[in-house]
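Enquirer: So the chains spell out like this:
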Amino acid sequence: MQYSETVMEHFKSPKNIGRIENPDGIGEVGNPVCGDMMTITIKVKDNRIDDIKFETFGCGAAIAVSSMVTEMAKGKTLEEAMKITNKSVAENLGGLPKNKLHCSNLGADALHKAIMDYYNRKEGKPKEPKQFEKVEYMEKKEAGCHCPYCDAELSEPSPFCKSCGKPLPVDK
Amino acid sequence: MELIYFDHISGTPIHPLVKEVMIKYIEEGGFGNPSSQHRIGDAAIETLEDARSKVAALINAKPEEIVFTSCGTESVNHAIKGVAFARAKKGKHIITSNIEHQSVSRTLRVLMSMGYQVTAVPVDRYGLVDPSDIEKAIKDDTILVTGMHANNEIGTIEPIAEIGKITRKKGILLHTDAVVSCGNIPINVEELNVDLLSMAANQFYGPPGVGALFIKEKTPIYPLIDGGTQENNRRAGTQNLIGIVGMGKAAELARLEMPARIEHLLSLKRYFLERLKTIEDIVINGHPEKSLPGLVSFSVEYVEGESMMIMLDEKGVCVSTRSACASGSLRASHVLIAIGSEYATAQGTLLFSFGIDNTKAQIDRTFDVLIETVGFLRNISPLYKKK
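Chains A and B, in that order, are what the protein sequence lines are.
1 is the number of the first residue of the first sequence in this note's numbering; add one for each residue after it.
1001 is the number of the first residue of the second sequence in this note's numbering; add one for each residue after it.
Errors might be hidden in some of the hints.
[Said to hold, decoys possible] Derived list of chain A stretches under chain B, where covered just means 3 residues or more per stretch with a C-beta under 8 Å from a C-beta of chain B:
(1) 85-94
(2) 111-125
[What the hints assert, rightly or not] Calculated cross-link-like contacts (lysine-lysine; reagent style BS3-like; alpha-carbon spacing at most 30 Å):
(3) K1277(B) x K12(A)
(4) K45(A) x K1385(B)
(5) K125(A) x K1139(B)
[Claimed, not checked] Computed Cβ-Cβ distance ranges for the label pairs, DEER-style:
(6) D1364(B) x E123(A): 41 to 47 Å
(7) P97(A) x R1109(B): 53 to 59 Å
(8) G1316(B) x G18(A): 26 to 32 Å
(9) P1122(B) x K98(A): 22 to 28 Å
(10) R1365(B) x S13(A): 50 to 56 Å
(11) Q1117(B) x R121(A): 29 to 35 Å
(12) M1114(B) x K98(A): 43 to 49 Å
It should be emphasised that the hints constitute simulated quantities derived from the structure, not laboratory data.
Where a beta carbon is used, it is the ideal one built from N, C-alpha and C, also for glycine.
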């Protein structure tokens, strides 16, 4: 397998699994067209992430990223947590295969969204926790996949990535 | 840890008797070039033609209708591009289905960029092509129909013989990609009404790196690889005789042992499907009867396939999530989307393909691991509503 030892450890024994009851912030990202969905819930106390949990539908890398990002964010101030990047998550995992780098984006994105959700709620803009819906939602999101090699966003179907020029998996 | 191999669709182990003839051939020289005019060349020709006869017998073709290639993908490329180029003056329209292997779909994509038109007909929820859809798609300038004999992701066996009746009537050439079916289920090119048929040795216990293309006599076709006069001017380049010897033996064994092999694979499949009923929220993909005997594709709701596959691999069970050739792809399988799967369901698909050495005890052990894996991953899935 192409995964590092750390990735395999976090995949096989992920930390912080689950969904916090009555969370202070929820971040949901991804869609099943690209293959991954992630939900991060946080509890905030004194401007710090007091508790954090994740649920993930996705490949081994996506699960490992979720576990790692929650470990990295736990106990951090919100400002510190906002600074966690895709790159630092991937680095802490000992690297990810190139075509899986987009999974690390999901992890940081879900965390940042959960924090933004917390701020929004504090300002009195509570958002309905969005549930993953079926096909309608996914088809709208289909254009939001990323190049498995360079991670550029793919806006339209093309046999080549317009950013790095590598051939893309063509399914039709 | 005993390794359990349930991924025969990605490549079958080399049969011990196949290995034996290949090693024997190497030990006795193994370098002769069939194009040489001396006695070593003559001996190589004899070896080559013996293998050719055995491959021809597997599909009821004439030996001179068999061209050896480097793999199934080359055979497919040769068939499609070879006919497209040879018939370009007659027309540039090609008909296919929307569940073809990448070797077909990407080849057609290249031809499209060169001015060819392609019509891809849909399939029903079992993955079956309706021959009347092919008939309706035929235009004045249609030169070729290419459709797979059995699908490599869901195992559905297509009505190629019926499609062949239509193409014969209309004077259009028919190619079938039989890479995953050839050597595993009976194939008779006369009954299938095909002009071209692609196959690969590593799908029936021969070595990887060798395939063949059946080209019915008098079929207009260009070579894919130009050069010398090998393979009766249809495929230049020195033959891979070590591989070809293995393919010949594998074809002979497949022909002789086929009924017993099918019976064994079907009993494994029935047993597996029975045990699969114990896991809830499973969708079985493909046709319940018109299907490859050793293949089961199923989707596990709320869980993604690769994570299941890796966990199974950790426990010594080798399966795949989809076509090995597409495993770099992150998108849901086009085959499963074509038969109407939801995206999330399609992403949770596992492909088990059994072989002649597998046992029911291996299936039992696999289920212990599978049940544990599915439970673990469902527990962390945001899609799974805990009951």
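Enquirer: None of the hints should be skipped; say for each whether it holds.
Expert: Comparing the hints with the structure gives:
no.	hint	verdict
1	85-94	violated (count 0)
2	111-125	violated (count 0)
3	K1277(B) x K12(A)	holds, 26 Å
4	K45(A) x K1385(B)	holds, 28 Å
5	K125(A) x K1139(B)	violated, 60 Å
6	D1364(B) x E123(A): 41 to 47 Å	violated, 57 Å
7	P97(A) x R1109(B): 53 to 59 Å	violated, 26 Å
8	G1316(B) x G18(A): 26 to 32 Å	holds, 29 Å
9	P1122(B) x K98(A): 22 to 28 Å	violated, 34 Å
10	R1365(B) x S13(A): 50 to 56 Å	violated, 22 Å
11	Q1117(B) x R121(A): 29 to 35 Å	violated, 55 Å
12	M1114(B) x K98(A): 43 to 49 Å	violated, 31 Å
Comparing the model with each earlier hint shows violations of hints 1, 2, 5, 6, 7, 9, 10, 11, 12; every other hint is respected.
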